[in-house]
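Sequence lines, in order, name chains C, P, H and Z.
For the first sequence, the positions run 38 to 279 when my numbering is used.
For the second sequence, the positions run 37 to 837 when my numbering is used.
For the third sequence, the positions run 7 to 460 when my numbering is used.
For the fourth sequence, the positions run 412 to 936 when my numbering is used.
Worth flagging that the hints you see were computed from the coordinates, not collected in a lab.
Check the hints yourself; a few may be wrong.
Derived lysine to any residue pairs resembling SDA-like cross-links, with alpha carbons at most 20 Å apart [what the hints assert, rightly or not]:
{"no.": "1", "chain 1": "P", "residue 1": "Lys761", "chain 2": "C", "residue 2": "Pro71"}
{"no.": "2", "chain 1": "C", "residue 1": "Lys194", "chain 2": "H", "residue 2": "Asn137"}
{"no.": "3", "chain 1": "P", "residue 1": "Lys776", "chain 2": "P", "residue 2": "Thr797"}
{"no.": "4", "chain 1": "P", "residue 1": "Lys664", "chain 2": "P", "residue 2": "Thr461"}
{"no.": "5", "chain 1": "C", "residue 1": "Lys194", "chain 2": "H", "residue 2": "Thr403"}
Because the structure is a prediction, the values reported are computed rather than measured.
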Amino acid sequence: MTRWAMVIDLEKCVACQGCSIACRFENNTPAVSPEQAARGRAIRWNDVFPFPVNPTEDTGEYPNVKARYMTRPCMHCENPPCTKVCPVLATYKDEEGLVRQNYSRCIGCRFCTVACPYGVRYFNWYAPQWEDPLALRLNPDRLESRGVLEGPAVRPKGVVEKCTFCIHRLAKARARAEAEGRAFRGDEYVPACVQTCTGKARYFGDLDDPNSTVTQLEKSPRAFRLLEEVGTHPKVIYLREG
Amino acid sequence: MAQPLSRRSFLKLGTAAAGSAAALAALQNVMGAAQAAPQTQFQVQTGAEEKVVASACALCPAGCGVLVRVADGRVVKLEGNPMHPVNQGALCPKGQAAPELLYNPDRLTGPLRRTGERGAGAWESITWDEAVQTVTAKLTELRQAGHPERAALLHGDTRGQMRSFLTRFMQAVGSPNVISHESLNVAAAKLGVYLTQGVYDLPAYDLEQSRYVLAFGAGLLEAGSNPQRMISGYTYLRRGRAERGKVVVVDPRQSITAAKADEWIPIRPGTDAALALGMANVIIRSGLVDADFVKNYAFGFDGFTADGKQHKGFKDFVLENFDSTRVEQITGVPSTTIARIAGEFATSRPAVAILPGKGGLLNGGFDGVYAAMAVHILNALVGSIDVPGGVMTQRYMPCVEWPALPADPVAEKGRQAERVDGAGTQFPLARDAYQAVADRILEGAEVEALFLYDANPIFEVPGGARFADAFAKVPFIVSFSSFMDESAEHADLVLPEPTFLERWGDDHIAGLGYPGIALRQPVIEPLYDTMNTADFLFKVAQTVGGPVAQAFPWRSYEEVLRFRLADIGADWDTFRELGVWLVPGYRFARRGSERWLAEVVGRDRRNAPHDGYFDLYSRELNCALGGKQKDELAGLGISQIGDGVNLPHYEPTAYAGDPSTGSGQAENEYPFVLNVITLMSLGPRSEAANMPTLQEISGMTVGETWNSWLEMNPEAARALGLADKDPVWVESLFGIAQTKVRLVKGLRPDVVNLPYNQGHTAVGRFARNRGVNGLVLLNPASEPVSGLAAFTNTRVKVYRA
Amino acid sequence: MHLATSYHPQNKHEDTILSPLRRITFVDRWLWAVLLGVMGLGAYAYSRQWVFGLGVTGMNRPVYWGVYITNFVFFIGLAHSGTFISAILRLAGAGWRKPLTRAAEAITLFSLPFGVASILIDMGRPDRVLNVIFYGRFQSPLLWDFTAVSLYLFSSVVFFYLSLLPDIALCRDRLTEAPLWQQRVYGFLAFGWQGRPEQFHRLERVLDGMAIFMTMLVVTVHTVVSWVFGMTVQPGWHTALIGPFFLLGAIFSGTAAVVIALAILRRVYHMQEVLTVSLFNSLRKLLIVFTLGWLYMMVAEHLTQFYGSLPDEMEVFWQKFTGAFAPLFWLMFLIVFVLPLIIFVFLGKNRIGWMVAASVLINVGMWLERFLVIVPTETRPRLVSTLMAGMGNYQPTWVEGAITASLFAGMVLLYAVFTRLFPVVPIWETAEAVEAETLPARPRRSLFGMRRSR
Amino acid sequence: MLAIDARDKEKIVAPLFRTPRAFVLLVLILSALVAIGVAAYVRQVTLGLGVTAMDRPVYWSTYMVNFVFFIGISHAGTLISAILRVTGAEWRRPITRVAEAITVFALMVGTLQIVIDMGRPDRLPFTLLYGRLQSPILWDIVSVTVYFLSSITYLYLPLMPDAAILRDNCPSDAPAWQRKLYIVLALGWRGNHEQWVRLEKAIAVLAVLIIPVAVSVHSIISWILATTVQPGWHSTIFGPYFVVGAIFSGIGALFLAMTGVRKALGLESYIGLRQYRNLGLLFIAMNAIWFYFTYAEHLGIATGQQVEEFPVLASKLWGSFAPTFWVMALAMVAAFWVLVAPLLVPAGAAKVALFRPRLALASASTALILFGILQRIPMAPTLAALDTPNATTAAWVGVIVMLMLAGLGVAPWLKARPVTATAIAGGLVLAGMWLERWNIILPTMTHPRLIPYAVYTPSLTEILITVGSLALFTLLFVVFFKFFPSVSIWEVAEGRVIEEARSKIVVPAPEPSEAGWLRPRRFKL
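Make the full structure from the sequences, and use the hints.
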């Protein structure tokens, strides 16, 4: 079996936001208007933000201040709270552990966005818009079958969307392997954020493969998961600084 | 009557109980099991025709290699080019967002000629031929009048062949006025290295092998001249090797770099020289200097006699003037910290002290040059010059020499004329004095034709409004900008260049020491009626004819590139496919060897001897300033006399305003030093501000978006009765701006920060009227000796709006 | 078209109860027109939302649920009035409830559809609502909700219709001067009811049986509504008490709504004789108990959270107690607990005006309470630092306001129209008990010859 | 001289002055058990709490369970009799005394558990000397004390007229001390008008006041657990949950006690079926509410699946606490069934084969065998073939169905013996509620956050002390009713008068459907 996972080394992450924007251009999320952005309606599946370990934790007083930065894709939890609450199976965990979202099924009730403790799910408040000719840059990839629409295809208004670990890249890599008549290997694909990471802080791979980088790094004494206590068992593993 | 009901309830209860039993038995399974996924065969559809083209990004000075995915003739994604040594396959948000530059709705679609008043915004479309004719006519007129030097070209961060091409063009026409914007940013660091090591270039730092990194000034991971190179080196230093190197950042603001560092040393702005010299003091007193280096390969460590006079050496000067107590008073850094950092620096070799590749904090005044010298000398003291883990000297790919310019008396005369920016004359040390052009024009320097290539001086220069005034006195202005930016608005002709994804170009790879070159090639056909400026200048040259035309025996810029890059060792097709070619592996020079003498120390000295000595006592400075008297020096803003002038030292920042008091603006009236910071997201280039994605992520550290903000220490804000997000006025002697205050704990209480690249009045719909431009508040004066723009010698006051 | 003779219970208030059915006044028409106007505004607002997307609301990330969900919870809560009065009190054998069952059940009936509508309005893709049926999956509390609420709606309609049946028959027979269409409706709906004793007997039995079912349902419905929140792991929502607390709040606001409705009916339709003050006094006692119970739940909830002091929970906690929602929170506390308790205990006895005032306060307060359960948690999610400046707040827009107003207008409209078409006090039920109103007071106790009745 | 009905005199007063052999024997046995418990406690005090099975992290165990359990039972009394008094339920009259006595004695024994659980019982006064109000323990001390005082008063006030009646109706051969006792306790009660008015008023006020106190007592006990952050305890529902459980177990205890009194003293004419029936309805309601709360409590944890909370729930559902948890659940279901079945089963049902006790026995045995097989599946190789989800699910369904059949089978038997059925239900609930407290306190204790999971089995000391406490409770109860009337004489007499007055009034149609079922009579709100 395959369990896709990501490791993010916070020591190497320099909060450049490259992942955030690589994701946008790979997955066709729109840049919303300034007013909408200020209201929190910007859609960046992969976000970067300053991170006190918890909100009440003191980050120190000048000059002994400690600022941290965090980058956060979808955790693709082993035990996702979002899939359980979806009334129509528009979001589900597939057999490779990816938490997926079917844009043509979602009814927009936003239960999953509310249930997700990481805030990784985003809602299309309006139909996504690009001022002409900005839309020319849209990634033409689509992952589709009858009644199912995933991947970076532009989402209609009123549906929930989220990080897919660039599932269309996985599909393309699989198709390529198939076309070349060989078995697909776990290191043939990485999501766009991993590929672009300026600090090479992201690693991607198969947790069920004992030799993969992510499996090795998961054992690091620096490894931790975000909000471990809520029992979601994320498959995004962080390596702490220092 | 009761029976049917009760039977029904039995059934109901039974079903419920059985159901829960089943559920319970399977509960463990259900909890862990994957949910039923829709069993469907997914078809992944993608573009019908796809290709990947290698190119190089142009959105910041790093010039990362990119691989551009083109689907059905549309640029849909950029990835880092793994072959490119600077980014090694990575790409920062600016590069990722490049399709928004290409497909920007505010791009200019063809050449424009002004029809109304300057700056009134009335334009008509013209053809390229008309444009060529107009420019040719102007240049011919100047040449016929015998004053080709009255043509000037301001350019921005232009590297690779384009820079020498522009220079060659202007020289062929007969003008020395090719003015780079370096005086706004890297010139301070370059001068520091030049006055000590004798190399006029930014040094490369071998972070990969360094054990201790001490970074002065602006955040090297966000905003330097080459942030991506620094990130690559930094992450390798941290986690790419067995031993984790230590990083210390000296900066009044806790930038992301400082936050990622092991230690952040908040320092009073403009006092870096004192800190570096204080450290040198400790290192010398503890006997931790690299004795071999300072004795055999450095000049002026100990006192010396020359011209029959006893001169003071660096050692005595530092020991006398920069003991920790005094340095603590100057810098606000505790003496214990200074001693500790100095000790760590000197003992954790190889250690390296990094100069900021951005203007910013070192350009507080003349202190900027001295500070850069002082910081660079720290490397020399611990012997980190051209050793693994230390400072490297950047080498460049050899290019085929340009053919000699044909004989042209008009041009030769023009080339001898004084530069319009005063570099070398008014500013003896300066190579460029970009920001001074406005003042010089207003003071009477004659410019009749001004070309703006990749330059937007009205926006990007402190007190840029003066450029608008100066432009009024220039009869003919041409902008090659792809966007109608603030300066283009004042031009007579706007001749849009295609974006970097649609044109030919190249870029020297810098930051790693070893030579390399990256190719920029058209990824798709130009979207609009735009023309590569080089191609345009070809046409102008042909039309001007005569020796100017002879100087350009090529038909297109692509040919120029093929000509210049013929000797790099790769054939053109391979180079086009890879997008990058390099001679990897930096070869360190043994001290005193041939290579050391030829390339590492003293290479670019103009006046001082090329003798392989690293100047701790700057002989180059002595040539420029050595004979000056006290009054003259004071006029240049230098407080020292005698040997002190040539030695790196601390000059108290002369805050602009009231020169009679010496200390400038009264501190109690204008209590904050304004620091204009560059962000990773928006970067240094104006057009980036018109990319909506970059606008959206611009204020990540404080959680702002599409706006500017004033960073202020919470204590300072409390004293002013300001709360987070309050609207405030920021006022200096030079300007006033309204924004909102954001409380940031990681900031000295006497400093406020404004992010750069907001507050545009032009460029496009996404950039216009977003926030404020902090540069309008800054002192527009140039530093009198080095011609540098000053960025941290302005005090402001802040009050509620 | 119906059997000529049918038996009707004798009720001396029959004329009083039927009199509103006999004419529709000018004021009525104006009221209806105004309400329709408000609904039209709501429809316009909704059309905008449909066309442009949910962006026209004040919702954002992370406040994904706002006024609409509050409305949903509130309407469903309001709907508990009828079931509580007619089912639970029926089981408890509280005979005094009879005159007000119909008025209360009508609240149930007419608020439930608007609760359901709130959910539909809140959906980002209302066009895909049928996906819930095609692809429904029962792990989702939303589907429990869907099931429970639809079942509740269905059984409320049945329960309501059954208890209305004898009175429809009565209308069919008595309101011969009504317009023909109206008589036809009565005739059709009466379903050939003849009012024979065995029919009454059977009806009583069915209603008894349904009462048990409805009681279970009413508990389930609001508990399930609460679990939509409680089943997540969000701070402030993930609390076991949320089910009982929601349930209590629902019955609380429902009962208060009954007071309001009764008082209006009594005044407008001159039913002082039928809807006696003693009814209000009984409701008053209930409301006192609920007020205290509400306080108890409130204390249980917040005390536990406060002592646990888990950082994520406390963010939400302080948000309510001292933070951005503090004004609303304390206002809510004042108008749900403090003022109503004072009014009920010291001022309310026999004074309908005061009781109505308190009930209005309670209902406004309970709406706020729902709002304060839902929104503060969303403004302070676990990774609170993911919020950018200016995020983590919520300002409803006019669209949400207009739609909310139209929902309430719709409910009032349906209610108002209903009272003009059907008897709002059950004639047959009160007929049987009508004598009980004249029962003598409890006899004085006399024991061992020591006490004499005065 | 207070007059008294002859029937009351013979049935209620006379037994107080007889000492049957069975009574003496019972007291001796109970005293022996108490003495053993005392001995165990003395040993515990001497040697320290180490003699118990408690360890790190199981710092609280059986004693705490007993404490919560006894305090829960104490709600029987006061709360039930107070609520019934406030709501004017006439049928309460014969059972108030028993209920109130349960309250007082359960509180005594319950409070004692805390002292037993203390490592330094000698420092008990420190709680007053150094008490700090932040601690829920102190709230507990305050509320339990208030509750104890008010319930003793609440027991005593209605007892006063009875003491006067006893004083005035003492047989001549009564011992002098007993006579004196009544004289003292009667406090000079003469039964004149003012005294009655004052007494009624005092009881009425006390009844209203005691309800919030009782609710607060058990809420606060729950908050001792809930205000921590321990997984499984930090739950907002605990307050109401504990209160409901307390009332529930209180009714159970009341069932047992009133049945005992009824049987021992032959009070069938006082404590009639009406009491059983109405109390039974209350019981069923509490049972349903208890289930509701249990479900609400556990569902949240099940769906939240937080890493520290979930193991606690898992240990109850299928882990080490599964036996106690499911026995508890089964006991509660059975108690529900025992009371509900007679209501549902039609009169002639006994003739149908489905409703024979024989079938019940057979089904129950089948269920047991199936259950046994299910337990052995993982171990026995011969049964390995059955180790599939479908097979096990089917087997579990079988167990449930068999148990339901057993339930059906016993239904007519239960219907025929309402009192026995009620007593069985009471016993089941007491056992179930004790286990419920166990299942709340111990799984959390054994599944702490940073300490390895532990196992707890009570030691002999704890068992002996627990048995001793139960015996003490029974002993106190038995001895008390040796000297005081188990039925409030005056209240019953008052009830008769009211009943008589009522019967003279003709109510045309008191209830819409007189024949309806599940309806308590004249239970007014």
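Query raised in the report: Within a Cα-Cα threshold of 20 Å, do lysine 194 of chain C and threonine 403 of chain H meet the stated pairing?
Result: holds (19 Å)
Report task. Mind checking the alpha carbons of lysine 664 of chain P and threonine 461 of chain P for me, to see if they're no more than 20 Å apart? Result -> holds (15 Å)
Report task. With a cut-off of 20 Å on the C-alpha distance, tell me whether lysine 776 of chain P and threonine 797 of chain P pass. Result -> holds (19 Å)
Query raised in the report: Within a Cα-Cα threshold of 20 Å, do lysine 194 of chain C and asparagine 137 of chain H meet the stated pairing?
Result: holds (17 Å)
Query raised in the report: Holds or violated: lysine 761 of chain P with proline 71 of chain C, Cα cutoff 20 Å?
Result: Between lysine 761 of chain P and proline 71 of chain C the Cα gap is close to 17 Å, so the pair holds against 20 Å.
Violated hints: none; the structure is consistent with every hint.
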